[in-house]
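Student: Sequence:
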Amino acid sequence: MDIYKRIEVFAGLGKVLSLAAAEQSFEPLRAEGLDADSFSESFNRTKDVNAWFTDESIFKMLYSLGVSLNREDIERWAGMYEIAPDLQQKTVAVVMAGNIPAVGFHDFLSVLMSGHKVLAKLSSDDPYLIPAIADVLIEMEPAFAGMIDFTEDTISGFDAVIATGSNNTARYFDYYFGRYPHIIRKNRNALAVLSGNETKDELRALGDDIFMYYGLGCRNVSKFLVPRDFDFKDFFEAIQDFSMVLDHHKYNNNYDYNKSIFLVNGDPHFDNGFLLLKEGAGMTSPVSVLHYERYDSLEQVDAIIKDESDNIQCVISTDKRLMGSIPPGTGQYPKLWDYADGVDTMEFLLSI
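Residue numbering for the sequence shown is 1374 to 1725, as defined by the numbering used here.
Be careful, since some hints might not be right.
Unchecked claim - Simulated crosslink set (SDA-like; lysine to any residue; CA at most 25 angstroms straight-line):
1) LYS1559 with PRO1641
2) LYS1651 with ASP1683
3) LYS1606 with PRO1641
Calculated from the structure, these hints are not laboratory results.
Only a predicted model underlies this, so the values are computations on that prediction, with no experimental measurement involved.
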């Protein structure tokens, strides 16, 4: 199967996933002669095994995947590399995280697009979604069947590794996989830089970057940088529609717990009834909490970004002076070439 066929099949997959997500129905799969019932079963089993994965969260992820897999972007992405038709095929183990639905899909996609075989170690928090997507892919092109394998057990028989986890698990990954060609990822989050000149719509869009997947993703905003005299009143008003996150019992429990800790400790904070803002330098924040830090100049912002570069997945801002920043509302819709941790996965795969 050549690269042109792989592009065609993944573009077809993107179309059917985006339609299913937009309609919040699996009938678009059925209309293409695909097994909608099996996909629906995997969808429901996913919700049973992980309470964070709601209908809304899973459909949003499927939509994000579908939108990214448009033919134009796939061709542009593939065109950035020399993907040789006679590539010596290797088996690449992909150790997947389970913090948000189908979070390992981009690695899965990259391995297959490069021409290698993928051996995916599934997270116990998300064991069904990517295999369900793989089944659709194989229905569309049976040649993929020989390139895809899944396991929940110890992985073996691989030539290279891509592993994603926490800062703690990364140490184990380094120990076990250090002798193989590897990419090992740790905790990261998004940083939002506000100027105070944002419109209500821009602040509202920032709510998506904060609350989508209940803030559990590496591209979710965990910290703000705001001007010294910034008033959070307009921000709180703009994100009021996101108060529905409290309807999720796990988010609600986190909010109640963190609020009680702040009150008991006498920690100064802002509270709008469903989100807590606490001043602090750390990038990582608990569910329902955002850290913020005040700045006096763009030079100070640049210095903070540089110091935290190993902990930042992306920078979200309306300030075009911040090189590489993306607009509010786009954090969870990365392009195919927006690589996690800034490490070019495809370049790595083509080098092994």
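Student: All the hints need checking, so say for each whether the structure fits it.
Tutor: Tested hints:
1. LYS1559 with PRO1641: 30 angstroms, violated
2. LYS1651 with ASP1683: Holds - the C-alpha atoms of ASP1683 and LYS1651 are around 22 angstroms apart, at most 25 angstroms.
3. LYS1606 with PRO1641: 16 angstroms, holds
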